[in-house]
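This is what each chain is made of:
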Amino acid sequence: MDTWLKRIRPDANQWSQNAIIVSMTIALLFAILLPLSELMIKAVTDQNGNFIGLMHFANYFSTPALVMSLWNSIQVSAVTTMIAVTLGFGFAYALERSAIRGKWFYRSVALLPLFAPSMLHGLALIYLFGNQGLISTGFFGLLPEFRIELYGPIGIVMAEVLYTFPQAFLMLSVALASADYRMYEAAETLGASKWRIFWTVTVPGTRFALFSAIFVCFVLTFTDFGAPKVVGGQYNVLATDLYKQVIGQQNMQMGAAVGVLLLIPAVISFVIDRISQRKQSGWLSAKSTPYRIERNKLRDGLFYVLCSAVSAVIIGIILVAIYGSLVKVWPYNLSLSFAHYEGFLDGQGPFMTSLLIAFATALIGTVATFLFAYLIEKSRGNRLLRQSAYFLSMLPLALPGLVLGLIYVFFFNNPNQPLHGIYGTIWIVILCNIVHFYSVSFLTMTSGLKKLDSEFEAASESMNVPWYRTLLRVTVPLSLPTILEVFLYYFINSMVTVSAIIFLYAPDLKPAAVAIVNKEDSGDIAQAAAMSTLIIVANLLVRTAVMWISGKIQRRTDTLLVRTKE
Amino acid sequence: MKIKWNVMAATLVVTSLLAGCGAPKTEGTASSSSQTGSEAAAVSNASGEINVYTAIEDEQIKTYLTSFKEQYPDIKVNIVRDSTGIMTAKLIAEKDNPQADVIWGLAATSLLVMDDRKMLESYAPKGVDRVLPEFKDKANPPKWVGMDIWETAIIVNKAEMEKRNLPIPQSYEDLVKPEYKGLIAMPHPASSGTGYLTVNALHQLYGKDKAWAYMDKLHENIMVYTHSGSKPAKMASSGEAPIGISYGYSGIHEQKKGAPVEVVFPKEGSGWDMEASALVKKKDIKPEAKLFLDWAISDEPMKEYNKNYAILSIKQEGSQIPEGYKQDPVSQLTKLDLYQAARDREGILAEWEQKYGSKAEPKK
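Those sequence lines, one after another, are chains P and Z.
Each residue of the first sequence is one higher than the last, beginning at 1 in the UniProt record's numbering.
Each residue of the second sequence is one higher than the last, beginning at 1 in the UniProt record's numbering.
No lab work stands behind these hints: they were computed from the structure.
With beta-carbon atoms standing in for the labels, derived distance ranges: (1) Lys-282(Z) - Asn-50(P): 24 to 32 Å; (2) Asp-508(P) - Ala-93(Z): 14 to 22 Å; (3) Tyr-206(Z) - Phe-61(P): 32 to 40 Å.
Note that the structure is predicted; figures quoted are calculated from it, not measured.
C-beta: ideal position from N, C-alpha, C; glycine also.
Modelling step: build the complete structure from the supplied sequences, incorporating the hints.
In structure tokens form, the structure reads like this:
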């Protein structure tokens with residue numbers, strides 16, 4: 001009996017693992033692939049579901065105003081990308097390849113915008129450069145006036161640069177952190193100038209990250225809704241068009257066509273990113289030596305200026321938004337009060353709703369992501385199944401938030417749909433958030449799991465320990481820091497995102513980020529700024545708490561690992 | 001998740017407390033409402049859930065609903081709010097699968113459009129006889145019943161006008177003067193009811209051709225077309241756009257908050273529309289929806305509407321004209337045909353969009 005049990009147990013292991021992978025793959029199918037196909041169908045059919053080919057697109061391209069928006073979107077995105085990637089490269093270079101001090105400070109400042117909803121930058125810009133802005137009026141007459149045409153492309157680009165800069169910086173700093181110093185030594189021996197080395201060694205060495213960063217910034221701007229909504233003025237872009245078509249005119253078919261247009265650069269970016277990820281990993285070898293930073297006063301001086309300037313702008317923007325939210329009646333009564341925050345902490349209010357959504361997203365999302373990443377990475381389940389599951393897990397990377405929200409409306413707001421029931425509840429928002437931020441979490445989790453020795457699984461299998469016990473007793477504790485990181489990622493993004501859920505939120509469960517858009521819509525700039533401030537504060541508090549816990553755990557696992565080595 | 005448990009626990013405690021002292025509580029509310037009330041508006045134990053679509057301003061909804069919640073504590077009211085144009089588009093889009101049970105406080109011109117499409121169900125709410133005849137549908141029982149009227153107002157920032165040495169515009173004709181170039185914010189008529197009522201008033205006031213000629217000139221002076229009808233008033237209040245074409249209440253609200261604005265009702269007469277309510281035609285019409293419509297024209301909410309709007313659909317004895325309004329607000333209104341306005345709506349909006357909506361380039 002006993003031997004018989006022993007013999008089937010590994011099978012039971014595999015069977016249960018396969019079952020979970022299959023069910024999760026089906027879940028992903030329903031959450032991503034089917035809604036996406038709905039979009040494609042909607043884009044080529046009329047309101048009664050008859051196939052009409054590319055009529056909507058023909059319609060689109062024969063409406064001058066709409067073509068103009070497409071062109072506007074491309075222009076704004078291109079300019080933003082150029083500025084953001086250049087600044088991001090400079091900043092990353094300063095932190096990775098120069099000897100300036102206070103790198104930790106600059107790094108945390110550079111990442112600050114990630115904690116704020118993208119509308120915040122626009123709101124702060126109104127307080128600075130609007131017709132009654134601090135800088136426009138020269139601090140209310142103290143200095144000469146300085147006016148720019150904020151509402152329009154200038155405002156959008158400024159807000160988008162702030163929004164995309166941290167992404168560019170993050171991607172490029174990872175690339176710049178790893179370099180093979182032997183290349184630089186060789187170049188120097190050959191007598192190349194610093195400038196030449198930069199162009200022939202540094203840039204090619206980071207070229208894949210550079211491509212990715214360029215595309216990511218372009219797509220982020222191309223599909224962002226927050227900034228053009230706040231400071232776009234009469235300058236129409238694709239993302240606001242989509243909102244107007246779908247929400248304003250309830251024209252779902254045309255909305256689908258615009259959605260497909262938004263998808264194109266995102267898909268290109270996705271493919272390029274996948275290729276560059278694969279190529280990048282082959283860059284370093286075991287013989288590589290790490291980059292050595294030489295002394296250079298001039299270089300460091302210049303980078304101090306750059307980093308301090310960028311940091312000052314970022315901190316300034318956030319402080320101005322906070323200041324604006326506290327001023328009683330801008331610009332006529334500058335006394336400070338919390339009047340604009342009134343009622344925001346109510347149990348039923350948008351802020352509490354957002355906290356609930358963010359916690360639920362983070363909790364459910366982290367568990368699901370971990371389980372799936374684990375099974376794909378560590379299990380011995382069916383290979384084909386694992387590969388298709390992996391592919392599906394990457395797919396959300398190619399879906400901009402606006403498109404994701406749109407396809408969820410199409411898919412779930414259909415009374416004949418068995419899953420129709422979750423439409424209009426908090427669950428569809430949570431599901432949408434999980435899917436929206438799933439790929440990055442999945443990748444983080446996978447790379448975290450890769451670092452663990454697969455001997456654990458092999459050993460436990462040979463001892464007939466069920467896989468879930470190994471998972472709970474060994475793998476989970478060892479990967480806790482990664483798990484917390486993923487939790488944080490889900491939480492923060494759920495707090496700040498607006499693009500997807502603007503189509504989905506239920507009437508009585510309005511998230512804070514959507515409330516910001518509504519407040520701004522009806523002209524309550526200060527209240528919108530107040531809500532943005534609350535979001536930043538909440539995000540920073542949660543981050544601090546999670547990092548603190550993570551630090552404690554890290555120390556414990558470190559000692560554990562050392563002990564096992566002895 | 002922890003929060004939710006706390007809330008749930010708290011709700012449980014509160015409910016059981018309320019249940020414990022249910023009897024005296026009912027009595028108390030009943031006596032207080034019988035003082036004010038027409039019909040006996042005791043706390044009802046009707047329960048259920050209704051979806052109410054509305055274009056009433058966010059900050060007004062909460063105060064309005066207080067008396068409904070007191071009377072019907074067990075009816076859950078889900079409010080879906082957006083600007084008039086969006087609510088209209090949403091309701092029309094959901095025509096075959098209506099989500100709303102009640103439409104509350106939407107522009108009468110929009111309700112007329114929906115009536116045209118057979119989307120409304122006749123219902124005579126309790127006390128409908130008290131509603132003045134021009135404030136409800138001519139059919140009996142009526143398809144829609146009005147609550148109040150709101151009207152065009154020009155909100156002008158005095159401080160900014162002084163700074164620029166400009167007089168305060170008093171009329172539509174003043175607004176197209178070249179000195180106001182780039183200073184005016186106006187709501188987009190396709191999304192905002194206030195925007196449409198003003199554009200419609202110009203049409204009925206001047207006639208089609210002159211109205212478009214006027215708006216061509218006005219367009220030259222516009223800084224931005226906003227999504228909501230109250231935003232121009234708020235932009236005027238902060239001086240972001242010193243002149244806002246908006247509606248009376250929104251400007252007066254800003255005044256009360258201490259902004260240096262003047263609320264001007266244009267000399268030629270204000271455009272206007274009516275906030276009205278209706279029952280949505282659908283398979284299962286909930287009795288709670290009818291209760292809501294009964295309540296919507298009862299005394300308690302009427303008193304609240306009166307705090308924001310000078311003209312009500314039910315004659316108020318000794319009702320006060322809100323501060324900031326002229327003595328007789330009715331005389332401020334132009335003569336309008338709402339039925340004509342509803343018929344013209346689609347055509348005017350399409351032409352407007354074509355003429356001014358495609359101004360995609362930023363102004364130089």
